[in-house]
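Visitor: Residue strings, one per chain:
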Amino acid sequence: MKVNLSRYEFSGHESQEIDDLKRLDRHEQESMKMAGFDANENNRSASFVQIDHNHAYCKSYDPGVEILPLGLALKVNEGLARYQWQLLKPGKDEYTRMAAEHTHGGYVIRIKKGARLTAPVQSCLMMHSDNVGQNVHNIVIVEEGAEAHILSGCTTTEADQSAAHIGISEFYVEKNAHLTFTMVHNWGGQVEVRPRSAGLVEAGGSFLSNYVSLKPAKNLQMYPSVTMKGAASVSRFNSVIVASEGTYMDVGNRVVLDAPDTRTEIVSHAIASGGHIIARGHIQANHSPAKGHLECQGLLLRNGIIQAIPELDGRAEGVELSHEAAVGKIARDELEYLMIRGLTEEEATSAIVRGFLNIDIMGLPPELRIQIDNAIAETQKSML
Amino acid sequence: MLSINNLHVSIDGRPVLKGINLDIDRGETVILFGPNGSGKTTLLYTIMGIGNYDITDGSIIFNGTDITSLPPYERAHLGIGMSMQRPPSIHGLKTRDLVELCSGERKIDIEALAAKVNMESFLDRDINLGFSGGEIKRSEILQLMAQKPELVLFDEPESGVDVENMALVGKMARELLEDNLHPDRRHTMMELKHERRTSGLIITHTGHILDYITADRGHVLYNGILCCADNPKRILEHLAQYGYRECIRCLT
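Protein chains in written order, with numbering that gives the first Met the number 0: chain A, 0 to 383; chain B, 0 to 251.
Calculated from the structure, these hints are not laboratory results. Beta carbons: idealized from backbone N, C-alpha and C, even for Gly. Don't take each hint at face value.
List of simulated lysine-lysine pairs, BS3-like, C-alpha gap at most 30 angstroms [said to hold, decoys possible]: (1) 93/B to 290/A; (2) 380/A to 93/B; (3) 93/B to 328/A; (4) 147/B to 106/B.
Computed Cβ-Cβ distance ranges for the label pairs, DEER-style [what the hints assert, rightly or not]: (5) 119/B to 29/A: 39 to 49 angstroms; (6) 360/A to 85/B: 19 to 29 angstroms; (7) 55/B to 29/A: 23 to 33 angstroms; (8) 58/B to 330/A: 23 to 33 angstroms; (9) 360/A to 77/B: 31 to 41 angstroms; (10) 42/A to 128/B: 26 to 36 angstroms; (11) 29/A to 53/B: 44 to 54 angstroms; (12) 2/B to 319/A: 52 to 62 angstroms; (13) 119/B to 113/A: 36 to 46 angstroms; (14) 92/A to 111/B: 54 to 64 angstroms; (15) 345/A to 249/B: 38 to 48 angstroms.
Some residues of chain A that are not near chain B, with every Cβ distance over 10 angstroms (derived) [claimed, not checked]: (16) 15; (17) 38; (18) 283.
Same shape as in the complex, but just chain A:
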């Protein structure tokens, strides 16, 4: 599915920098909250906000985090240039090309060597104007031995707003570093989305990626690719997505196990409640021993469509790759099990769906968990 980029305005929406997040209007604050961004900055190491074509806010509260808008980052730290376009090529496709030619900024987050952040770093990429097209380029570097959780929310201000978002992201997890990256999408039914992401994990590093998208989107396509470059590095990708009527999502993760003793696990829970989901997954193992598991659980409600396309690609004897996929409606025996305990069919369905979308495994900060649980409860009403 192609996005007609000429429909969107990729210039002329420069926003003003603000020094107090409270000055954002109510709709903006509300939509940021839905994308997991806390405007009060409670328990946050750093915050970054981009609105349309400019950054609006950028602050670090922890000496272990350097956070800067892309343009400024490249100016003050020449060393960062080598991280830009290292994992992705500008000519990859028309969206990447577009983002390379008309970059509207984005963030560079560098977690300094050995720094172990106790509070998450948060960012919000927001589209405020109707018909706006936003190109961002984000770079995340977690230096040797460092540890961080980055929350990255993407949102439109209004539910009926038309917009296009192209997000280039490059992740570098250096030796023995640990990155948890949680991305929450809060789009609307008229938003077209093309994230283009890639990551590199060095020896002993770990990359835990969480993705949550409960709101509609016109169409969204992404297939981030992470290479486990160093020995004994591990990664895990959890995603929870809901596609309501009118939503088309083509999503998945690709992982290359490119060193011995590497491991990865890709687990997605997808509900198509009237929408269309293509759930992809690809694990390539070039060295032995290496272990990869790919899992897709799909639930069909209200005539939704799910196509699960798992790919296992073993290139060395001794690798262990497995996949597990199930797509269907709610199992009758699960419904009956809850009904014999006194739950009506609707209550039982609701309990099963809530469990299906369970996000406990993601290790999110409590207020974000509550936020997502509330969003799930809200989404559920329209789902059944």
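Chain B: place on chain A using the hints.
Guide: Leaving out everything else, chain B in the frame of chain A:
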């Protein structure tokens, strides 16, 4: 309390239960024996209102209400509870939350109940996911303790349970059926037993559960027909000696 009259049940047009008549009084515990495929689980499922079965004739009356075509949750609300032999696991649904749901409006002390069946460490795990045979039974009993049914349907309390766990499962099954009654200064055990309100219908292959609970009556279900009404221990001894082949003679 429970009255099953001339119950005929088919699966995909194939008759499985062929005219069952069974009455269970308040406080009574009835044991159901029978070989694999004789229709025991079908009978329990039909009483509970689940499974892909067609009732072609007959009725099920519970405390004066005709429940033959009621949905399972209404039967649960009326006071019927069931321990399944192989319950499904449900992703993301914590044992704690299910136990809470079982108790309905009633306030319960989940931790204390869980401690009784040694399930405290399972409360925050997904229900039945990776549970062993014994853990499944203990979890089923925990749910029933929260639900407090008047009639307990128990599908094979022994299956998959090791010797060590069997004592606990048996003890808790007894407590479930007898409401943990103890004689006190004002009441004799006999009087209390008269007051007992929970009834049970228990399927067993091995009869091990009889070491822990007192059953009032036993029946054999053979090929969809209920035969033999006797002391359950006597039935068990008989089965041990002659197997089910004698049932065929009884029936013909």
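Visitor: Among the hints numbered above, which are violated by the structure, and what are their numbers in rising order?
Guide: Result: hint 7 breaks, nothing else.
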